[in-house]
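So the protein lines, in turn, are chains A and B.
FYI, our numbering numbers position 69 of the first sequence as 69, with every residue one higher than the one before it.
FYI, our numbering numbers position 13 of the second sequence as 1013, with every residue one higher than the one before it.
Calculated directly from the structure, the hints in this document are not laboratory data.
Check the hints yourself; a few may be wrong.
[As the list claims (entries may be wrong)] Below, in silico cross-link-like pairs of lysine-lysine (DSS-like), each with a Cα-Cα straight-line distance of 27 Å or less:
no., chain 1, residue 1, chain 2, residue 2
1, A, Lys128, A, Lys101
2, A, Lys39, A, Lys2
3, A, Lys128, A, Lys39
4, B, Lys1150, A, Lys39
5, A, Lys91, A, Lys148
6, B, Lys1150, A, Lys2
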Amino acid sequence: MKRSLLQAFGIILISGTIGLTVNGLRPDGIPWVENWQEKVLNKQLTGGLPAVTLKEAREAYEGGYALFVDARDSDFFEMGHIPGALNLPVKDFDRIFPKLKEQLLAAPQIITYCDGANCETSVELTEKLLFAGLEYVEIFTGGIQQWKAAGQPVVSEPAGS
Amino acid sequence: MNSANGKIGLRGWLTHPNTGLLARIILGCVFIYASLDKIVHPELFAEAVYNYQLSPEAAVNLVALWLPWLELLSGALLVLGVWVHGSSFILSGLMLIFLAALGVNLARGLDIHCGCFTTQGSDPMTILTLFRDSLFLVLALFLFWLYQIKRVQVKFSLSRIFQQDNSKQASR
């Protein structure tokens, strides 16, 4: 029995080490701890489309690896948006998308947002971007309201500047 | 092992090294197969773990990262005949935990997918799942009984093949 327990302990230890190491090395690895309640709520809001929490959006912003895309009309965008974000209003999608396509295709991750949890344009924009063939598109459901409330930077500048 | 008329009885069949080998290959391959999709899609598997509502939220991702590798390693060791005592012990434990989790959630009436072989949601949790997992539990317990209690020789054991190889070299 002692042998079984020792071997079992070894297997548990080795598998845990491999699992965490492989996760750390792969580009789509997941964090060790996550707020699943918020994550599931986000998924319900987005109708099953991939979503990011405020924490994830902030990490992506600070890491500089995500391209933020604002789904609101240009008036709202100019009043204040996440620094570096592109403006792609849903109603002008067909006109503006071709101009931004190269930039969007080059981004390793795209995060769309609109005003907050009650707006649907980021969901519509994400559907359109996924339909256009882009892969890593996620929705920041908290939107600009949650971003500002968390004290994150916002800039006011015209679209395309 | 052989009965008086020269035929092998049920006990003889059960404790025959080939029976153990067959059971090892079946159970090992089941667990190797079950681990692959979970390893490829850690996020989806983590969601399946969360949906079971049995693990603390802080442990969901760690379980999702560790469990598939535990299945893969235990399954592979079982097939290769290495550490069979430990791997059959772990697989028996895992099957008991899985069965308990399935039973609790079936009793709760939760409409979630099993996440047993695929993370994609096409694996509904039913009474049949409970029955299937019970068979795997019986197989795992059988292997533990065979090697730990009956001390039957492990046929086609990679570790023994290496040992024999080394002892041959040493005797030269």
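Evaluation of the provided hints:
1. A distance of roughly 12 Å separates the Cα atoms of Lys128/A and Lys101/A; the hinted pair therefore holds under the 27 Å criterion.
2. Using a Cα cut-off of 27 Å, the hinted pair Lys39/A and Lys2/A is violated, with the two alpha carbons roughly 43 Å apart.
3. Between the alpha carbons of Lys128/A and Lys39/A the distance comes to roughly 22 Å, so the proposed pair stays at or under 27 Å and holds.
4. For the hint pairing Lys1150/B with Lys39/A, the CA-to-CA distance comes to about 49 Å; that exceeds 27 Å, so the pair is violated.
5. With a CA separation close to 25 Å, the supplied pair Lys91/A and Lys148/A stays within the 27 Å bound.
6. A distance of roughly 16 Å separates the Cα atoms of Lys1150/B and Lys2/A; the hinted pair therefore holds under the 27 Å criterion.
The structure is inconsistent with the numbered hints 2 and 4, although it conforms to all the rest.
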